[in-house]
Amino acid sequence: MTERSAYTEFRPKWYRARVSTYWWLSQWSYTKFILRELSSVFVGYFIVITLLQVRALTLGASSYAELQLWLGNPLVILLNTVGFLFLLLHTITWFNLTPRAIVLRLGGKRVPDILIIAPNYVAWVVISGVLAWVIVGS
Amino acid sequence: MTDTIVLEVTRYRPEQETEPTVQEYEVPITPDWVILDALNYIKDDVDGSLSYRWSCRMGICGSCGMMVNGKPKLTCATFLADYAPGPVRIEPLKNFPIIRDLTIEMSDFMTKLKDVKPWIIREDEKPIEEGEYLQTPAELDTYKQFSMCINCMLCYSACPVYGLDDAFAGPAVIALAQRYNMDSRDQGASERLGILSEHEGIWACTFVGECTKVCPKHVDPAGAIQQYKVTATTEWFKSLLMPRGSK
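Residue numbers (the working numbering), protein chains in the order written: chain A, 1 to 138; chain B, 1001 to 1247.
Since the hints were derived computationally from the structure, they do not count as laboratory data. Mixed in with the good hints there might be a few duds.
[To be verified] Simulated pairs of lysine-lysine, DSS-like, Cα-Cα distance not exceeding 25 Å:
#1 1043(B) / 1117(B)
#2 109(A) / 1217(B)
#3 1213(B) / 1229(B)
#4 1144(B) / 1114(B)
#5 1229(B) / 1144(B)
#6 1043(B) / 32(A)
#7 1117(B) / 1217(B)
#8 109(A) / 1071(B)
#9 1114(B) / 1229(B)
#10 1126(B) / 1213(B)
#11 1043(B) / 1071(B)
#12 1229(B) / 109(A)
#13 1114(B) / 1043(B)
#14 1217(B) / 1229(B)
#15 1213(B) / 32(A)
#16 1071(B) / 1213(B)
#17 1144(B) / 1117(B)
#18 1144(B) / 1217(B)
#19 109(A) / 1144(B)
#20 32(A) / 1071(B)
#21 13(A) / 1229(B)
#22 1071(B) / 1217(B)
#23 1144(B) / 1213(B)
[To be verified] Counterexamples of contact, computed for chain A against chain B with all Cβ distances above 12 Å:
#24 26
#25 51
#26 69
#27 78
#28 88
#29 89
#30 92
#31 94
#32 99
#33 117
Just so you know, these numbers come straight off a predicted model, no measurement behind them. Ideal placement from N, C-alpha and C gives every residue a C-beta, glycine not left out.
Could you put together the complete structure from these sequences and hints?
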């Protein structure tokens, strides 16, 4: 952008309201947005948990058992449950927003939103199924 | 239904007040009156000192945007009867400085709009004898939605990112830039890329999505911004892979 607009010299004393720190509580759509942003923290949290699991596996059975014990703590279970709900919120809201960013045209017509959203869910189910099969089936 | 309704109108008279106050006006409810009609009634018959912008009364000029019960609305397209029994709170558009009463200062928006060059840019103009630049209906369809913007700035009022940091280019400016980028007759996308790709351009947008919800013309500025993020990322990858590639 070029230099900031210098409000016209002819202006009288204009008044500018300050945005409240709690602006995101002023309407539900803003609160939902903040919750969606907050969900990223839990995405990071689960990545750390996964890395800890991999690390414990490489260190041996006793390390893994120790981690399992920690994961069985009621507070950790509560945290993971809340985190899981945030992960679902994160995944579903972003999947549903994909048609806004990706516009495909076939034969001059815009591809319906559902055809942009659906592959995300299909990939989610398939990849989750494969991982479940690898972990549980083996 | 009552036959009158109270409007709680923001007043700000900089020569008398240091901050806005609220003044109540009782106006008749008529089924076909919009909020703007009620304001015009006040201006004509009750208090001529009330200041606000308006022009066309038909949702085209984009002048009469205000906050109605906390939501950005075109007052010429918002029926008074829908707010009965009231009261109805009428405020100037949020996130802008107030000049007087319901009138906001819009220079920031106008400056940013000019910066993104919202007009058709040609690398080489063909002679007039060769005729106009033709376009198919499918080519028109790609940008038509974004061309419906009337610069009413309701999207800026709904955008918390702009409210928190007015360095952000903002929804309408980016949507209008995208309108020209996607026009098959335009060759100026690379000229707009630099400005739009700045941090205060598309990347400041966190996709709250309220700009699209309040748009009276269904422009979907939030969609325009996300689509441009994809374009800018693609261009960045291209420049990385083919640094000498043609721009």
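Here is how each hint holds up against the structure:
Distance hint between residue 1043(B) and residue 1117(B) is unfulfilled; the C-alpha atoms sit about 37 Å from each other, more than 25 Å. Our distance criterion of 25 Å between C-alpha atoms is met by residue 109(A) and residue 1217(B), whose separation comes to about 21 Å. About 20 Å separates the Cα atoms of residue 1213(B) and residue 1229(B), which keeps this hinted pair within 25 Å; it holds. Only pairs whose Cα atoms come within 25 Å are accepted, and residue 1144(B) paired with residue 1114(B) is accepted, the gap being roughly 20 Å.
With a C-alpha separation of about 19 Å, the suggested pairing of residue 1229(B) with residue 1144(B) holds against the 25 Å cut-off. Annotation: proposed proximity of residue 1043(B) to residue 32(A) is violated, straight-line Cα distance about 39 Å (limit 25 Å). Pair hint residue 1117(B) plus residue 1217(B) holds up; C-alpha atoms about 21 Å apart against a cutoff of 25 Å. Restraint check: the Cα-Cα separation between residue 109(A) and residue 1071(B) comes to about 34 Å, which exceeds 25 Å; the hinted pair is violated.
A C-alpha spacing of about 21 Å is found between residue 1114(B) and residue 1229(B), which places the hinted pair at or below 25 Å, so the restraint holds. A hinted pair counts as satisfied when its Cα atoms are at most 25 Å apart, and residue 1126(B) with residue 1213(B) does not qualify at roughly 40 Å. Taking the CA atoms of residue 1043(B) and residue 1071(B), the gap is near 22 Å; set against the 25 Å cutoff, the hint holds. In summary, the hint linking residue 1229(B) to residue 109(A) is supported, as the alpha carbons are separated by about 22 Å, within the 25 Å threshold.
With a C-alpha separation of about 33 Å, the suggested pairing of residue 1114(B) with residue 1043(B) is violated against the 25 Å cut-off. Taking the CA atoms of residue 1217(B) and residue 1229(B), the gap is near 22 Å; set against the 25 Å cutoff, the hint holds. Proximity of residue 1213(B) to residue 32(A) is assessed by CA-CA distance (about 14 Å); at most 25 Å being required, the pair is judged to hold. Taken as a hint, the residue 1071(B) and residue 1213(B) pair is honoured in the structure, with Cα atoms around 11 Å apart against an allowance of 25 Å.
Under the criterion of a C-alpha separation no larger than 25 Å, the hint pairing residue 1144(B) with residue 1117(B) is consistent with the structure, at around 18 Å. Among the hinted pairs, residue 1144(B) with residue 1217(B) is consistent with the structure: their alpha-carbon atoms are about 11 Å apart, no more than 25 Å. About 13 Å separates the Cα atoms of residue 109(A) and residue 1144(B), which keeps this hinted pair within 25 Å; it holds. Distance check on the hinted pair: residue 32(A) and residue 1071(B) sit about 17 Å apart at the alpha-carbon level, within 25 Å; holds.
Of the supplied pair hints, the one linking residue 13(A) and residue 1229(B) is violated, its CA atoms being roughly 38 Å apart against a limit of 25 Å. Distance restraint check for residue 1071(B) and residue 1217(B): the Cα-Cα separation of roughly 16 Å lies within the 25 Å cut-off, and the hinted pair is therefore satisfied. For a cut-off of 25 Å, the pair hint linking residue 1144(B) to residue 1213(B) stands: about 18 Å separates their Cα positions. The beta carbon of residue 26(A) is not kept farther than 12 Å from every beta carbon of chain B, the shortest such distance being approximately 8 Å.
Residue 51(A), annotated as away from the interface, keeps every beta carbon of chain B farther than 12 Å; the closest lies near 27 Å. The Cβ of residue 69(A) sits about 39 Å from the closest Cβ of chain B, beyond the 12 Å cut-off, so the non-interface label holds. Here residue 78(A) stays apart from chain B, with its beta-carbon at least about 29 Å from theirs, past the 12 Å limit. The Cβ of residue 88(A) lies farther than 12 Å from every Cβ of chain B, with a closest approach of about 18 Å, so its non-interface assignment holds.
Non-interface call for residue 89(A) relative to chain B: holds, since the shortest CB-CB distance, roughly 14 Å, exceeds 12 Å. Distance check on residue 92(A): its Cβ is at least 15 Å (rounded) from any Cβ of chain B, clearing the 12 Å threshold; non-interface status holds. Its beta-carbon lying about 9 Å from the closest one in chain B, residue 94(A) breaks the requirement of being farther than 12 Å from that chain. Chain B draws residue 99(A) into its interface by the beta-carbon criterion, the shortest separation being 8 Å against a cut-off of 12 Å.
With a closest Cβ-Cβ approach of about 14 Å to chain B, residue 117(A) is found to remain outside the 12 Å limit, as its non-interface label requires.
Consistency with the previously given hints fails for numbers 1, 6, 8, 10, 13, 21, 24, 31, 32, ordered from lowest to highest.
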